[in-house]
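Chemist: Below, each chain spelled out in residue letters.
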Amino acid sequence: MNPTRAETDDELLFRIQSGDEQAFMALYQRRQAALYRFALHMTGSPAIAEDVIQEVFLTVLREGCGYDPGRGTLSGYLFGIVRKLVLRRAERERSDVPLGPDIEETKLADSNVESDPLLDLTRREGIENLRRAVQALPRRYREVVVLCDLEEVDYADAAIALGCPIGTVRSRLHRARGLLLDKLTHERSPRQAVNAWKPARCLT
Amino acid sequence: MNCQEFWNAMPELDREADHQHVRECAACAVRMARERELAAGLRAMATSYRRVAAPGRVEKQLRAAFRARMGVGQAWRVQGGWRLVFPWTAAAAAVVALAVFMVGGRQPSAPAPRAEMAVAASAADGQGEYDGFIALPNAGRLADTEDVNLVRVEVPRSAMMALGLEVSPERASELVEADVMIGPDGLARAVRFVDSDTL
Numbered sequence: 001m002n003p004t005r006a007e008t009d010d011e012l013l014f015r016i017q018s019g020d021e022q023a024f025m026a027l028y029q030r031r032q033a034a035l036y037r038f039a040l041h042m043t044g045s046p047a048i049a050e051d052v053i054q055e056v057f058l059t060v061l062r063e064g065c066g067y068d069p070g071r072g073t074l075s076g077y078l079f080g081i082v083r084k085l086v087l088r089r090a091e092r093e094r095s096d097v098p099l100g101p102d103i104e105e106t107k108l109a110d111s112n113v114e115s116d117p118l119l120d121l122t123r124r125e126g127i128e129n130l131r132r133a134v135q136a137l138p139r140r141y142r143e144v145v146v147l148c149d150l151e152e153v154d155y156a157d158a159a160i161a162l163g164c165p166i167g168t169v170r171s172r173l174h175r176a177r178g179l180l181l182d183k184l185t186h187e188r189s190p191r192q193a194v195n196a197w198k199p200a201r202c203l204t
Numbered sequence: 001m002n003c004q005e006f007w008n009a010m011p012e013l014d015r016e017a018d019h020q021h022v023r024e025c026a027a028c029a030v031r032m033a034r035e036r037e038l039a040a041g042l043r044a045m046a047t048s049y050r051r052v053a054a055p056g057r058v059e060k061q062l063r064a065a066f067r068a069r070m071g072v073g074q075a076w077r078v079q080g081g082w083r084l085v086f087p088w089t090a091a092a093a094a095v096v097a098l099a100v101f102m103v104g105g106r107q108p109s110a111p112a113p114r115a116e117m118a119v120a121a122s123a124a125d126g127q128g129e130y131d132g133f134i135a136l137p138n139a140g141r142l143a144d145t146e147d148v149n150l151v152r153v154e155v156p157r158s159a160m161m162a163l164g165l166e167v168s169p170e171r172a173s174e175l176v177e178a179d180v181m182i183g184p185d186g187l188a189r190a191v192r193f194v195d196s197d198t199l
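From first to last, the protein sequence lines are chains A and B.
Position 164 of the first sequence, counting from 1, maps to 164 under the working numbering, and the rest follow consecutively.
Position 23 of the second sequence, counting from 1, maps to 23 under the working numbering, and the rest follow consecutively.
Keep in mind that the hints were calculated from the coordinates and are not lab data.
Keep in mind that a hint or two might mislead.
[Said to hold, decoys possible] What follows is a set of in silico ranges between Cβ atoms, one per label pair, in the way DEER data are often shown:
no., chain 1, residue 1, chain 2, residue 2, range
1, B, 174, A, 124, 38 to 44 Å
2, B, 23, A, 156, 28 to 34 Å
3, A, 93, B, 29, 43 to 49 Å
4, B, 27, A, 22, 55 to 61 Å
5, B, 170, A, 29, 41 to 47 Å
6, B, 170, A, 47, 44 to 50 Å
7, B, 26, A, 87, 16 to 22 Å
8, B, 170, A, 93, 52 to 58 Å
9, A, 93, B, 43, 46 to 52 Å
10, B, 39, A, 47, 48 to 54 Å
11, B, 36, A, 68, 46 to 52 Å
All C-beta atoms, glycine included, are put in the ideal place defined by N, C-alpha and C.
Throw the hints in and build the complete structure from the sequences for me.
Modeler: Now the structure itself:
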């Protein structure tokens with residue numbers, strides 16, 4: 001039997017565990033891109049994201065891979081594995097997720113801060129500024145924005161992937177959007193931000 | 001609904017909808033406009049990443065891994081009911097074990113008769129065949145409950161000579177695929193040549 005669009009992930013997984021290569025490749029084709037992008041957004045490294053994707057699908061091949069259909073979808077489970085692998089990498093390298101050399105604050109300052117970033121988000125520079133802002137978010141907020149806003153994962157699956165209640169997903173998303181708005185607005189007037197730290201008087 | 005209640009429920013609300021609270025609250029109207037801009041930006045960002053996917057080599061590597069793990073192992077699950085384990089280190093062990101066997105089997109002093117005797121002896125006591133596998137000479141018998149690893153390797157056809165199989169001399173140096181059965185002790189127990197009928 002050839003895999004078809006109508007087949008669910010669970011049906012494909014059942015066939016995979018029966019040794020069906022076509023089912024394995026069908027599941028890979030269906031899910032790899034979103035999983036890869038999630039890993040890429042979380043690590044900033046295509047090489048690490050590639051390694052993570054390989055590990056995720058090798059996990060699927062193992063008997064008793066840990067997936068329980070009663071607890072959520074296979075998609076949510078796979079996102080959860082990506083997240084764990086990314087965290088493991090980060091712990092191993094003793095650093096939180098790297099932001100990449102292209103999102104240093106100096107370069108953010110070089111961006112076109114005279115225009116209103118909130119009115120320009122859908123333009124190329126606006127998207128780039130937004131990407132930097134997303135990557136500069138703390139991990140717990142970045143992962144929920146990437147899952148729910150960029151990959152359009154529903155809250156239930158996001159909760160499975162993040163290992164937290166749905167309410168936590170909602171609150172983190174709310175907070176993350178607020179942080180993004182603050183950051184983008186802040187960049188609009190960097191001099192005001194600098195002036196806010198300007199000492200009122202010298203104490204020495 | 002006050003401002004706090006409205007924003008607490010925001011993730012579930014449709015940002016594009018015309019909310020009564022936003023119509024009545026100027027501050028929330030401004031904030032809602034900003035949220036909508038952000039949402040549009042995130043959608044545009046998602047669109048810009050839509051074509052980003054794992055490189056094609058990942059698919060090839062996973063397909064190879066699938067064949068190594070599932071394709072070979074499945075036959076054994078049906079045949080013997082043995083539990084399967086797939087440590088990657090078994091591949092190295094198989095190559096080493098088979099190489100040791102081949103070196104021993106290709107001694108200049110009449111290797112073929114010795115191998116034929118070994119195969120014949122194994123067959124006589126019922127341990128020569130495991131679903132197309134040929135027990136290696138002096139290899140211990142596997143119990144049905146023991147874990148086995150199956151590893152596919154490439155070896156010269158001359159390795160088949162050491163097991164008493166006929167190989168034309170001009171093809172002796174050609175590579176042939178073989179499945180090597182590794183016992184729980186890491187020693188090679190049996191081998192099956194994948195295309196042994198095309199000698």
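Chemist: Next step is simple, just say for each hint if it's right about the structure.
Modeler: So, going through the hints one by one against the coordinates:
{"no.": "1", "hint": "B:174 <-> A:124: 38 to 44 Å", "verdict": "violated, 56 Å"}
{"no.": "2", "hint": "B:23 <-> A:156: 28 to 34 Å", "verdict": "holds, 31 Å"}
{"no.": "3", "hint": "A:93 <-> B:29: 43 to 49 Å", "verdict": "holds, 45 Å"}
{"no.": "4", "hint": "B:27 <-> A:22: 55 to 61 Å", "verdict": "holds, 56 Å"}
{"no.": "5", "hint": "B:170 <-> A:29: 41 to 47 Å", "verdict": "holds, 43 Å"}
{"no.": "6", "hint": "B:170 <-> A:47: 44 to 50 Å", "verdict": "holds, 45 Å"}
{"no.": "7", "hint": "B:26 <-> A:87: 16 to 22 Å", "verdict": "violated, 43 Å"}
{"no.": "8", "hint": "B:170 <-> A:93: 52 to 58 Å", "verdict": "holds, 54 Å"}
{"no.": "9", "hint": "A:93 <-> B:43: 46 to 52 Å", "verdict": "violated, 32 Å"}
{"no.": "10", "hint": "B:39 <-> A:47: 48 to 54 Å", "verdict": "violated, 32 Å"}
{"no.": "11", "hint": "B:36 <-> A:68: 46 to 52 Å", "verdict": "violated, 38 Å"}
When held up to the earlier numbered hints, the structure conflicts with 1, 7, 9, 10, 11 and fits the remainder.
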